[in-house]
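Novice: With chain A's structure known, arrange chain B on it following the hints.
Single-letter residue listing:
2 protein chains.
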Amino acid sequence: MGWGDLGVFGEPSKETPNLDQMAAEGMLFLDFYTANPLCSPSRAALLTGRLPVRNGFYTTNAHARNAYTPQDIAGGIPDSELLLPELLKKAGYINKIIGKWHLGHRPQFHPLRHGFDEWFGSPNCHFGPFDNRAFPNIPVYRDWEMIGRYYEDFKIDLKTGEANLTQIYLQEALDFISKQQASQQPFFLYWAIDATHTPVYASKHFLGTSQRGLYGDAVREIDDSVGKILEHLQKLGISENTFVFFTSDNGAALISAPQQGGSNGPFLCGKQTTFEGGMRTPAILWWPGHIPGGWVSHQLGSVMDLFTTSLSLAGLQPPTDRQIDGIDLLPAILQGKLIDRPIFYYRGNEMMAVRVGLYKAHYWTWSNSWEEYNQGVDFCPGQNVSGVTTHTQEDHTTLPLLFHLGMDPGEKYPLSFASAEYQRVMQQIHFVVQQHRATMVPGEPQLNVCDKAIMNWSPPGCEKLGKCLTPPKPDPKKCFWPH
Amino acid sequence: MGWGDLGVFGEPSKETPNLDQMAAEGMLFLDFYTANPLCSPSRAALLTGRLPVRNGFYTTNAHARNAYTPQDIAGGIPDSELLLPELLKKAGYINKIIGKWHLGHRPQFHPLRHGFDEWFGSPNCHFGPFDNRAFPNIPVYRDWEMIGRYYEDFKIDLKTGEANLTQIYLQEALDFISKQQASQQPFFLYWAIDATHTPVYASKHFLGTSQRGLYGDAVREIDDSVGKILEHLQKLGISENTFVFFTSDNGAALISAPQQGGSNGPFLCGKQTTFEGGMRTPAILWWPGHIPGGWVSHQLGSVMDLFTTSLSLAGLQPPTDRQIDGIDLLPAILQGKLIDRPIFYYRGNEMMAVRVGLYKAHYWTWSNSWEEYNQGVDFCPGQNVSGVTTHTQEDHTTLPLLFHLGMDPGEKYPLSFASAEYQRVMQQIHFVVQQHRATMVPGEPQLNVCDKAIMNWSPPGCEKLGKCLTPPKPDPKKCFWPH
Chain A
1 MGWGDLGVFG EPSKETPNLD QMAAEGMLFL DFYTANPLCS PSRAALLTGR
51 LPVRNGFYTT NAHARNAYTP QDIAGGIPDS ELLLPELLKK AGYINKIIGK
101 WHLGHRPQFH PLRHGFDEWF GSPNCHFGPF DNRAFPNIPV YRDWEMIGRY
151 YEDFKIDLKT GEANLTQIYL QEALDFISKQ QASQQPFFLY WAIDATHTPV
201 YASKHFLGTS QRGLYGDAVR EIDDSVGKIL EHLQKLGISE NTFVFFTSDN
251 GAALISAPQQ GGSNGPFLCG KQTTFEGGMR TPAILWWPGH IPGGWVSHQL
301 GSVMDLFTTS LSLAGLQPPT DRQIDGIDLL PAILQGKLID RPIFYYRGNE
351 MMAVRVGLYK AHYWTWSNSW EEYNQGVDFC PGQNVSGVTT HTQEDHTTLP
401 LLFHLGMDPG EKYPLSFASA EYQRVMQQIH FVVQQHRATM VPGEPQLNVC
451 DKAIMNWSPP GCEKLGKCLT PPKPDPKKCF WPH
Chain B
1 MGWGDLGVFG EPSKETPNLD QMAAEGMLFL DFYTANPLCS PSRAALLTGR
51 LPVRNGFYTT NAHARNAYTP QDIAGGIPDS ELLLPELLKK AGYINKIIGK
101 WHLGHRPQFH PLRHGFDEWF GSPNCHFGPF DNRAFPNIPV YRDWEMIGRY
151 YEDFKIDLKT GEANLTQIYL QEALDFISKQ QASQQPFFLY WAIDATHTPV
201 YASKHFLGTS QRGLYGDAVR EIDDSVGKIL EHLQKLGISE NTFVFFTSDN
251 GAALISAPQQ GGSNGPFLCG KQTTFEGGMR TPAILWWPGH IPGGWVSHQL
301 GSVMDLFTTS LSLAGLQPPT DRQIDGIDLL PAILQGKLID RPIFYYRGNE
351 MMAVRVGLYK AHYWTWSNSW EEYNQGVDFC PGQNVSGVTT HTQEDHTTLP
401 LLFHLGMDPG EKYPLSFASA EYQRVMQQIH FVVQQHRATM VPGEPQLNVC
451 DKAIMNWSPP GCEKLGKCLT PPKPDPKKCF WPH
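Chain order of the listed sequences is A and B.
When the count follows UniProt numbering, it moves up by one through the first sequence with no breaks and lands on 483 for the last residue.
When the count follows UniProt numbering, it moves up by one through the second sequence with no breaks and lands on 483 for the last residue.
Keep in mind that the hints were calculated from the coordinates and are not lab data.
A portion of the hints provided could be inaccurate.
[Said to hold, decoys possible] In silico lysine-lysine, DSS-like type, Cα no more than 30 Å apart, as pairs:
1) B/K337 with A/K14
2) A/K204 with B/K337
3) A/K337 with B/K204
4) A/K155 with A/K464
5) B/K337 with A/K228
6) B/K14 with A/K228
7) A/K14 with B/K14
8) B/K14 with A/K337
9) B/K228 with A/K337
10) B/K235 with B/K90
[Said to hold, decoys possible] Partner residues are not named here, just some residues of chain A that face chain B (Cβ under 8 Å, in silico):
11) F9
12) G10
13) K14
14) Q211
15) G213
16) Q259
17) P266
18) V296
19) P381
20) Q383
21) V385
22) D408
23) K412
Positions of the beta carbon are idealized from the N, C-alpha and C atoms, including for glycine.
If we strip away everything but chain A, and leave its shape as in the complex, we get (with noise of 0.2 Å):
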C-alpha cells in the first residue's frame, strides 16, 4: 500500500474513513520510512530492528538489486538474527503472525522456530494460480504445518478478484485477540495481510465498491478490518494497554497501476525505487489513553524502529551485541520530542540515497534498465525527471543529487551543486554517511541462492492432506535479480 492510498494521506477520493478515524484518535507520522523498497528485506527489517544489508535480507549477485523471497529461494531469516517476537517472550508475551511471513519458507526459517507461538498465514506471495508441475502452489500454514494451498483450498478467483482471505485474516485477529484478553497474557499481533499485492483480491461484499477498481476494493476491506479490530479492542476494554501501529512494507506498485496498484500521492516513483514513492509509507499509530488524537508527527520513522519501541513498550533493552538501527520513537510519541536521525536508502547493499533533516541526497540513481524499461516495466509512470529517474544506474557518489523534500516532496527540482545550501547541507550529510559506512558490516547475504528443488512442493503437514508433491533435482543457482 502506498502513501497516497489512505485518505488522511491525501487519496483523492477519500476512501478510508477506518484508517482516517484512527489518525483522528491517534497520531500521524508522516515522515516513516521502510527498510527497503520491497517486501522481504522490509518485513525481516521491522522485525530485527536492522538494515537488511546487516540482518543479510540483500543479495549480492549484481550491483544494487532488490531481491526478495520467491518459494525457490534458498535462503531466510538466518538464526543469529533476533527477532522481535524471540525477545518479547522474556517479557511473557504470546506471538502471533497472521498473513504473509516472507523470511524464508524452508524448516529452518519457520517463523516458530524465530520467536513466534502461533501462525496462520503463507510463508510467500500468493502468486498463482500454478499447475503444480512446474510450480507448486503457495501453501498456508497453520501453526508447524500446512493447512491447504492458495487457490486450491484458499479460492482466489483472478476473473473476478474475489477471495474471502482478508476476512479469514481478520477472524484469526480477532479471535486472537479475544483469547490473549480471556488469558490476560500480554500478546504482540503482526497483522500482516497481502491483500493489496498482486493479484489483488477482495472479499464480495467489498467487490466494486471503490471508485479505484479493484486495488481500492481490498483497500476498503483493509480499512474496514482495521477498523474492526480497534473496536474488537475497544470492547474489550484493553485499548488503552495496546500500542497499535499501522504502516506498510513499501511504496505502491505502480507497475501494476492502475487495475492492482495504488498511489504514492506527491511522491516519485513507487515499489523497487528509492525515491520517495518506493520508501515512504502510511503509519499510523493508535494508542488512546496515552496520546490524544489528532497528533501530527515530523519525527523521521522506520519500520525497525517498531521493533526498537515495542522492546521498549514491553520494559526490554535491545540487544547489544550488534547494530541495531530502529531507535526508540516513544520520545517522540509521549513528549513530542524531535529525534535527529537519519534514514538510508539501499537497494541491495548500495546505500543509494539518505535523509537528514528535510534534504534527501542521492549518491546512486536508478529505477531500472533500459532493457526493462522497453519492455514495458516502467515503475515511475508519467514521471520522468531528467537525471533522477534514470535507466542506467548513475554513480552520484563525488556529487550527489539533493532534493529539500520539504519544498519539494516530488523529487523533481535538484538543488544547485554551486549553492552554498548544497555546499553546507552536503558537508553535513557525508559526515552522516561516512559514519555510518565505518561501523558498517554488512550480513552474509541470504538472497544470492536460488532452487526449483525447494520450493513449496512438500510442506511440513502435507501428507495428512495428500497434498504432497515431488520437487525436481536439486539445481542451485544463482538468483536473477533484474532490478
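Specialist: Chain B in isolation, oriented as in the chain A frame:
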C-alpha cells in the same frame, strides 16, 4: 493554490491546520473545478455562473490559448453580463471585493459598476516592481479611487519575500464583517487575496515558518487568516447564518515551483493546462448548524456553481435569458444528493476535455509549445505522459483519450480504444458534448486586444496622490498569448 497544498487534501507536511479544521467542521468537495486553468477567466466564470467562452473571457487570437487581463488588456467584463453581486443587491445584500478583481481595469469594468458596493484591492496581478516609465506599478483601490501602488505604497520586498498585504486584506475582511453584522445587513464578501501568486509574499510573522519555503509561508498565512475569519464569524454569532466557501481560481503554478509554486497532489501538471492539476482545486464549505462536520462530497462541482448556489441561498432565481453553467449545489450540500452534470475544460474557445462521472475524455491535448518548453517553461515538471502531455496541439476529436479518474487520478493510463468500456463511455460522453455544442453561443471575445496606452498610468484618484503618469500614444494590437 493547488489541490495538494492543503493538509486535508494531502500536502505531505500538513501545514494548514485552520483549513483542515474548516473541513472537519464542514464539507470537503473532492471533485471541484475551476472554469479555466488560469485566473481572469476563472474569476469571470465564478461571478457570472457562465463559462468564459460565453461571458467573453477568452481569446481568438490563436487556437486554444489561455488569456487573462494584464494591465495592457483592452477588454474586461461586458456590461451585458450579470454578476453575482448585481443580482444579490436585489435581495438587499451589501457586496464587497477584497483583493484582486481581474475582470478589466478600465473605468467601464470597475467592480463598483458591476454590483460591488465596496472594493479594497487591485485590478491586476501584483507584478513588478516597474519603473513607472515602460510599465506603471499596479494601483491599489479603495472603492472608486486608487490609494496607492504596489511596491510604492504597498511594499513587497522581493529579496526577503516580506509583505504585510495578507494582513491588510484580512483586517479589511474582519472590519467589513463587523460592520455588516452591526448594521444587520446581509453581505457578500469576495475575499480574493493574491498571496500565493508570484511574486509570492508573506508577512514577517510567517516568513520561514514553513517546511515548504516562501510559498508555504504564504499558504500558512492564508490558512491562519481563514481561521481568523471563521473565528470572527463565530464571535459575532453569525456563523450559522453565513455560508463560507474556500476555493482557488486554478491549480498550483508548477512553473514557479518549488520556490514560488505549490502542489497539485497526485494530479497531472498544473496551472495553464486542462489536466487535473490545472483545474481541480481545493474546495471547502463551512456552514455550522446546517451541515454536520466532516462531510465529504463527490459531487462534481465548479466555481460557477457558487454563483447559482449563492443566488439560491439569497432566495433569488438565476437569469433565464442566458445559459448559466453553474448549478445549485444545495441539494448536494443539504441532502447529500449527487447531481449528474459534466465538467468542461476549455482553453480559449476550444473544449479540450470533458468529465462525465468518473471518466474524463481529452478532445485536445497540449501542455505548451516546444518553443516555450525548450526555453524552460514547463507546466508539468517531472511529469511526462507519452501522447498526453504533448508539446504540439494534438487533435483527438475523432478518438478522444479516455481516463478513469477514480482508478487513475493522475491521467497516466488512457483506456484502450478497443475496449468495450471505451465504446460504452465515449458514446455517453459524445452525447453530452453534442448537447453542449448545440446550445453554445460564444460571447464576444474580450481578451484579443492589448495596448500599452491603457495600462494603469492614471487611474481615478491619481491626481489627489500626485501619482498620475503619462501614457504612451495609443497603439492597439492583438495580444500575444503564447500558451
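Novice: Which numbered hints are broken by the structure, listed smallest first?
Specialist: No hint contradicted; all consistent.
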